[in-house]
Each structure stands twice: as C-alpha cells, then as structure tokens.
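Asks: Given the structure of chain A, go ahead and fit chain B onto it with the hints provided.
In the order they appear, the protein sequences are chains A and B.
For the first sequence, my numbering gives the first residue as 1390, with consecutive numbering after it.
For the second sequence, my numbering gives the first residue as 1390, with consecutive numbering after it.
FYI, nobody ran anything at the bench for these hints, they're computed from the structure.
Treat the hints with care, as some may be off.
Identical copies look the same in the list; a pair holds intra-copy or inter-copy alike.
As the list claims (entries may be wrong) - Calculated cross-link-like contacts (lysine-lysine; reagent style DSBU-like; alpha-carbon spacing at most 35 Å):
#1 Lys1397 <-> Lys1483
#2 Lys1677 <-> Lys1709
#3 Lys1605 <-> Lys1589
#4 Lys1677 <-> Lys1691
#5 Lys1709 <-> Lys1483
#6 Lys1673 <-> Lys1864
#7 Lys1691 <-> Lys1709
#8 Lys1577 <-> Lys1641
#9 Lys1586 <-> Lys1666
#10 Lys1691 <-> Lys1623
#11 Lys1709 <-> Lys1683
#12 Lys1641 <-> Lys1623
#13 Lys1876 <-> Lys1862
#14 Lys1876 <-> Lys1677
Now for the letters of each chain:
Protein chains: 2
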Amino acid sequence: MEFSEHIKTANVEDVVLRQPLHPSSRGTLCITGHHLLFSVREEEGGSSRQVLLLLRNIDATEKSVENLFGYSGLFSNAGRSERIAGSSGTITIKCKDVQVLQLDIPGMEQCLNIARSIETLSGLDCVSDMYPFFYRPPDLSLQDQWGLSSPERHYSQMKELHDRWRLSTVNRGYSVCPTYPPAVIVPKEITDDMLLKVAKFRQGGRFPVLCYYHRKNGMVIMRSSQPLTGANRKRCREDELLLQVVIDDSDKGYIIDTRSSQQAQQARMMGGGFESKSCYSGWKRLHKQMERGKALQESLIKLVEACGDGSHNMDRWLSKLENSKWLSHVQTALSTAGLLAECVERDGHSVLVHGSEGTDSTLLISTLAQLIMDPSCRTLEGFLTLLEREWVQAGHPFQQRCAHSAFSHARLQQESPLFLLLLDSVWQLWHQFPLALGFSEALLLRLATEAYASDYGTFLCNSDQERCSLEVKEKTHCLFQALLRPKEREPYSNPLYEHTELAIWPSVHPQSLQLWRGFFLRWTLQTRHLEEAQEEIRNMVNEWGKLVLT
Amino acid sequence: MEFSEHIKTANVEDVVLRQPLHPSSRGTLCITGHHLLFSVREEEGGSSRQVLLLLRNIDATEKSVENLFGYSGLFSNAGRSERIAGSSGTITIKCKDVQVLQLDIPGMEQCLNIARSIETLSGLDCVSDMYPFFYRPPDLSLQDQWGLSSPERHYSQMKELHDRWRLSTVNRGYSVCPTYPPAVIVPKEITDDMLLKVAKFRQGGRFPVLCYYHRKNGMVIMRSSQPLTGANRKRCREDELLLQVVIDDSDKGYIIDTRSSQQAQQARMMGGGFESKSCYSGWKRLHKQMERGKALQESLIKLVEACGDGSHNMDRWLSKLENSKWLSHVQTALSTAGLLAECVERDGHSVLVHGSEGTDSTLLISTLAQLIMDPSCRTLEGFLTLLEREWVQAGHPFQQRCAHSAFSHARLQQESPLFLLLLDSVWQLWHQFPLALGFSEALLLRLATEAYASDYGTFLCNSDQERCSLEVKEKTHCLFQALLRPKEREPYSNPLYEHTELAIWPSVHPQSLQLWRGFFLRWTLQTRHLEEAQEEIRNMVNEWGKLVLT
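Only chain A is shown next, with the shape it has when bound in the complex:
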C-alpha cells in the first residue's frame, strides 16, 4: 500500500516536544509511513536530540487547538468536524508502552494533518504492511535461522521421555489445531487418529500436549483447552485414555482449571466444560480462578491512570492502586503457578492445565511454573526459548491481545494484557531472587514494549499458522535472536546471576509483592540513579572478569 496517501504534511518546523523528566525542546517533526521522528536542531544547546517513535506504539491521541480568538477545545480522535481556524495546536500522544508525549505544532492546518496521519497510520492493522516487513538492520540477514528452537528440537533434547512420549506431526498444515505448531509432544500410546478425535472434543482443537518434563521425578506438565462436554455431558473415550496413559494406573494426576468451579459449570451450558471425576477417575481437579480478558484489560487501564495521577496525595494513590486490582492479579498468577509447581516438584504428580481456550492464563501459569522449577529456563537464552515455546509457538494471540494498551478509547474487543502480567510476575520473581535469574529488568522492559510495537516479527500475528501464511519467518527478523547478538546482550544479562538447581518459590504474601515501578513509572519518575547503580554493578563485574583473566 501507499503510506504517502495518508501523509499530507510530512515535515513541520518549530515543533515543541514536551515530555516528563525532560526540558521541553524545539525541533523538526517528521512523519513517515511507520515512524514519528522528532529532531532538535543542532545549533540549540549544542547536542542534537532525536525521538524516534513507531507509529504502531501509539495507543491514543488527543488534539487541542487554539484559534485566533483564544478559544481552546479538546477533541477526541473520533473524527469530529474540525473546521476551526486557528494558529496552533497540541497533540498529546499516549503510547502503548505507557509513555505520554506532547507536541505543540504551529499552524492549525499542519496540526490537523499531522494528527490525522498519526491516527490513521497507527491504526492500520494489515500485518504485512507493518514495520517488521520493512526493517532491515545491516547486521542481520533474512537467511538467518528464525527463532531459537522448535518442537522437534525441544523433543530431541529430552531423551528421557522418548520411552513414553512421541513427537506427532498430526497438525502439519495446521489442519487439526490452527493455533498449535505443526509438531507437538503427546503420549506414545495415543495415535494420530485418536488425536483427531481428542482435538474435536477440545475447544479450538487444543488437545492435551506436553509442555514440560520435570527431570527430577519424571512428572510432566500438559496444557490444553477445555473439553467440550456441553450440557449433556458428552464424553470422549480417546480424551479419557490420553489422560489415563499419562499417569499409569498406579498414580494420580492433577488438573488445574484456571476458572472457578462455578465458571466451569457455566461453561458447560455454553458447550464447554470440564473433566468430571467419574470419567477421569485418576485425575483430581483444582479450580483457581484467574482473571483474563476484559477484566484484566480494565485493571491495566485503572493502574496506568493511577500511575499518571500527578496529585501528591498518598492516600489517593494507594486507594487507586488497590482499586485497580492489578497486584491481586499478579498475586493470583504467582500463587497458581506456585500451586502447579508444588504439584509437580513437591507432591510428584503430573498436571494438566487449562481454562477455556487454553491460550492465555494457561500459558501464564505453565511459564511461571517452569521458571520456578527449571534452572535451564532461567538463563537469558533459556527464558527467551521458554517464551518462544510457551507463548509464540503455543498460540497466544498477540495481535488481538496487544492491539491496544491502557489509553485507547476504542471499544475493547480481544485486548488483554496477559503477556504484560506474565512479565510483571517474572519481575516479582526477579526481585525476590536477584541472583537466580540470568536476565535483567531491562529485558523485561524491552519485551513489554516489543509485544505491543516492534521492529521485529516475533510478536506479529495470533498463531504459527498466520505467521506461516504471511511468511513472517521469511520476511521479518526475529527479536529473540537479535537480543542474543553478542553486542546486544549485555544490558539484558544479570551480572549477579548464579546458577542454582533449586526451585525458586516466590512469596505471594501481599506484603511481598510490589508495583513494577520500572515499567509503570519509567516515563514519569526519575529512575536514572537506579540505572546508574545497575550500570556500576555491571562495570564492576566486567572489570573484575578482566582482572581475573589477566
């Protein structure tokens, strides 16, 4: 497509940029098909400054115009009549990474043109027009391998389970489950024909697959979507058999259902359901209600609004923080993941996790439980590989969930900050165990930004199938690989990291959990000094390393 048709004014001089924590600066604004670029003229202040923003990162804009008679009006971006003669205008830009910028633009016409371009271009939702399809950094090649691992490689690395588990390619061509990768790990005794039947019995075809093998005791974590038992309590022998063979006759397993018991009952009325005790006798269901969807999105909106509250009222802040319920969601995520890890590591049982669709809170707690139990997930590579497997390949619908963030007035559809909730929960782990994780807070911040707007193709689309049909892996670069390049990876590593084989059990006392200030307040609060301290530690470790080597 031609982006230029949406750009009536590409360059404006004498624009004033206002940002918290920065002095306001005057410079040139430039709009391209994918970016907003603000650059300060070099003669002012000596040093030049640039702000480059992906238009995709913009969640909402507001414009306020001032005409010659001093009248000032605030317009939402809902396309009202804008025929007001005036001399300047201000565009407030609210980003998906919770940054807020203001641009004072001389000339009413120019201001309206710029605003219209930003609104249109930031809202385009044709994936193959997005920036990752145009981004070509000099040190990466499209011929490079895309991604860090694959289901095949994951399977081949776990020789211990080859006796009882196999790699099935029943989903090649994405014909059985559109949101699964082409290869998945399933019990050896279950044939592909049986899997076809199980897939029909599970929402969206997400039949139970292995996602984690616990080497210490041979137990596994599986995940799926809900069984479609419906009001008339339909059964599927193959589904029951699949779960049966996982635990043998002697053992028992747990099903962690991320819905309340009542929600699960209600789901049956809508054609969904749960594994009844009578049909799955070896399995014990545990219900842990986790918020998802709209409720979670609204929680984020409230929290970001609270963080932006500039009043100096402590009571109001704490009351708004409480009212957002975000920290309660973090607590639930960590305690449910802790429960899952306890079942596997302490009680020595295999676990199946699912809620309804199996693409959101299911992935959240399986990921956190693996971080808690498995040291190999805690390195920088290990963590990125885990995210690739459990979120990208496993079919978290990034495009739907991350279409908007905390500012958009657009009616909520499929948006929900599940991935951000994961990163926040991981940050809590990182904060409680500063030596046990091989990556830094900077990595979590980077991922939180990239999930919503990125130069890379990793978080595009909703599933492997969609990425395949749009040739994402051929036409874009992979974020995870970019982060692991030798000259990139340093800020994303934890200089204090020390490998430990032990599980890291998070404290989920409300008193232990904290607002992730590094993310939610990074644009408004001075955190420079904290970064300096991190930098200092990093330098020391480096210098020390050099001294030890010489």
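Replies: Showing chain B alone in chain A's frame:
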C-alpha cells in the same frame, strides 16, 4: 539493684521456640537480669543455635496457658489472677524491633514465673540499671573518647562562619536550656545576656541556634522552639534582633513552622505562638503541618499490625497500608525537608525551623535537609556525626519517645516514632540514590533497633544534661564509635558509594515512596536472597579492590 529478686525461675529445659521463617526448635531458656537466652542443645541437628534478646527490646508479652482439662486461656500482662493449675504454657514475645517470638514452656508454674520475670525486667525504667552500664566488650575501653564530635569541634571546622557566628557557652551547667548541649553556635552580635532573655521567650529555653552552614552560598539553617508570645502577643526585642542580624537588612529569611497555620494560632492561646510578620519583618513564615506525638505512634501501630496480617488478601493489605498513613508521614517529612533545602540551596535564603518544642519534627527535617544538600553528611562517619549532633546532642528525648514501640498496650504517654520516621525517610533517599550515600540499609536497620534497646549508652536519656548527671559517657560505651571500628564497619558501608557534590533531591510523588520492607517485614518475609545479592556486590568490590592493589 538486685535483678535476682525478679527471677524465680532462671532456667527451663525443653522449651520450644517458634519464629516465622525458622523451623521451631527445642532448647533451654535462660533468664538473666538483662537478657533472654534460648539455646538449642547441640546433639539435635548437629549445629547449636542461640537466640539472645535484650529484655529491654520486649514491648509486650502475652501468655496462654493450657491446664489439665484442656482449657486454654489468653492472659494479657495486666496482672490478673493466674492461679490455674496446668501443664504447659505459651509466652508470645513482641519486640520493639517488630520481631515476634513464641515460647512453649513446660510446667505452668515455670511458665508463669518466666512471664512475670520478663514483664518486670523488660519494664524497669531506671536508666542506670540498664544494660549499657554493664556491657563491657573486650575491644572497647571506657577511657576511649565518647562520641564522634562536639559543638566545639563542629564550630572549629567551619572557619568561614567565624566572622559572623560565635560559640556561646551560656548553657554551661545546662542552666539556660536543659535540652541543649553546653556550647551552641549563635550570631556574634548577640551577647550571652541577650541569649538569656531570648531563652526565656522560647519554649523550654530552646533559643535559635545554628545547626547548618551552607558553604556554597553562606546561608544557614537554625532551629529553636516556638516563641512564647501567648494570647497577648508578647514580644522579645532580643529575639527579634537575633533573627534580624542573621539576615542583615538587605536579605530575607524563611521560618518553616512544622505546624499548620491554625495549629500555630491555637498554640498562642496556650502560651506558645509564632513570629508575627509585623515584629519579624525580614522573615517569611511557611507552615507545613507535620504529624508527631500520639498520631504518629498510632500510625506505626496500625502499620505494624497490617504487616503482621497473615491473610493473603491483597486489597485488605493495600487498604490497611493506606489507612495507617505511615507513608503519608514519610512523604510529608521528605517534602518539608525538600522545601527547607530549596529555600537554602536554590533560593539562597537562611531558614529557621521550629514547631512547638523543637525536639521532634524540627530535628527530623533539619537532618533530612542536610543529607539532601551536604555531601559530607552522606558518608558513614558523616551520617553518624549528623545524628549525634542533630538528635543526641540537640536533645531528642529518646527515652520518652522510644519507651514503647508498636505492640505495647500501655497507655501512650510520650512515645512517638520520630527517629524511626527519620530512618525510613533516609531509607527512601538511599533507595532513590543508591550511589550517593556511603552507608548501607543494614546501618539503618541497626540504628532502628538500637534506638529502642541497646548495649550502648548513645540513645539513653532525653538530653545531654541527663546523660551528664548519670555519667553515661563515663560508664557506657558509644554506639557510633563501635560501629566505626574497622572490623565492624564493613556491613554498614555502601559498596557502590560514589561521592557527589550535588544535592540529592528526593522525589516525593506518592508513586515514588515505598514501604520500608527491610525493616517492617524483615522478621516475616524471606529477604535472604536480597541479602545474598548485597553480599555478592560487597564481595565483588572487595575482591576487585584486592586485585587492583596487587
């Protein structure tokens, strides 16, 4: 006195100690005149373990007894009839440093004896019977100099102000102001005779004295108590002159009154008052209401209660945290200190600080402002010297304020956690500027404990006069000197410290301020991993230092 008369049972075997974060352990309990000692018999588990607690650290006890008929009753320590035959009892010990311990003691009689001993001995308030008068560590001598500095030395170090300020010994023998040290710094033009008159015009004789000289611009901070103008607006020419000569005719000064304007008006009805504009024309009053006394004590009680809440309810925790208002008090302390520092450093004016008595919030904000502005206060020595000057010598009534902490059911009299509020505010600074302060969180924690119960004499008594009459400096050791011993100081230093000449302006946005978890949750939350990280950084710096030297 004979402590033994309060000890009917000195030793009990087979006592079980229960503490959060520790497995319960069985051992021997021993009560001495000043200590509770619990030791685990060595044969159990191989390693021996000891818990030594100053009885003075105990804020409240509760005992619950179980008789042979299974009846269980909870007794407060309010001396009820305790003639219950039974076989065992439990004593819950709540300490001033917010630690809570439980002792299961076999034998009703023994349990009641122990409880009575603890209650009596922990409540003795004769200063010269306290443990600092008995503590004799081998590597300290009573002949050592006591304290880090003196008013004389402080004055001699600031040559720049000798032109306009002098050291007055009008208070020798504590005859003018019982809560001031014998020597204070006052304007040169004000004679001792004039000071006598000013002292009569200020509550408790606390006439305005210099506490800080700002080298960059020659401005000063002074502190005092309120003027006793009373309802009939009494004046004191000498008081007016004293303030007049500080600012010369050309300049103006600020008075920061730590009460609201309304409170100051009310104080006049009770014989107190404030500096009216008409009589002190060169001075501008700013009112910033700061909580003190009972309200602050109740805030601490509520906060500690909230921290001990074992329910896993996030909303309830945040609501209780808000309701305690403790963080609001921290915010007010830092923002008032920030205002004071702004007046001196940015606006270039001298400031007089006072509230009513001038022994509490006055000291709080003068101390914080000095930390913000003056790099020499930010080293380990500098900070301890600052505390010695602004709190110990300047007459903060430690004995009254720290008689009880958050648990005592005793009716509140003079208790108020001003010093703890200072340490919390300093921790916020430390947290916001991890490189700028030369001391560690461990120092702040140690000071928070020592202020309530200590082996050392530093925080005994309410004033220099009392310490003098009880010969504290001759018969006890000085905490600050003990902390600075080469083999002691390491954990109290900040390995990342880098000297900076710049002022460190704290952010006082509610979003920037955090609960001081290190103090309030240290006995209940697992912080081992955070300490490990600190230790790791410390080791690295040490190793690095060694490598650089060789």
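Asks: Which hints, by number, does the structure contradict?
Replies: Of the numbered hints, 6, 10 and 14 do not hold.
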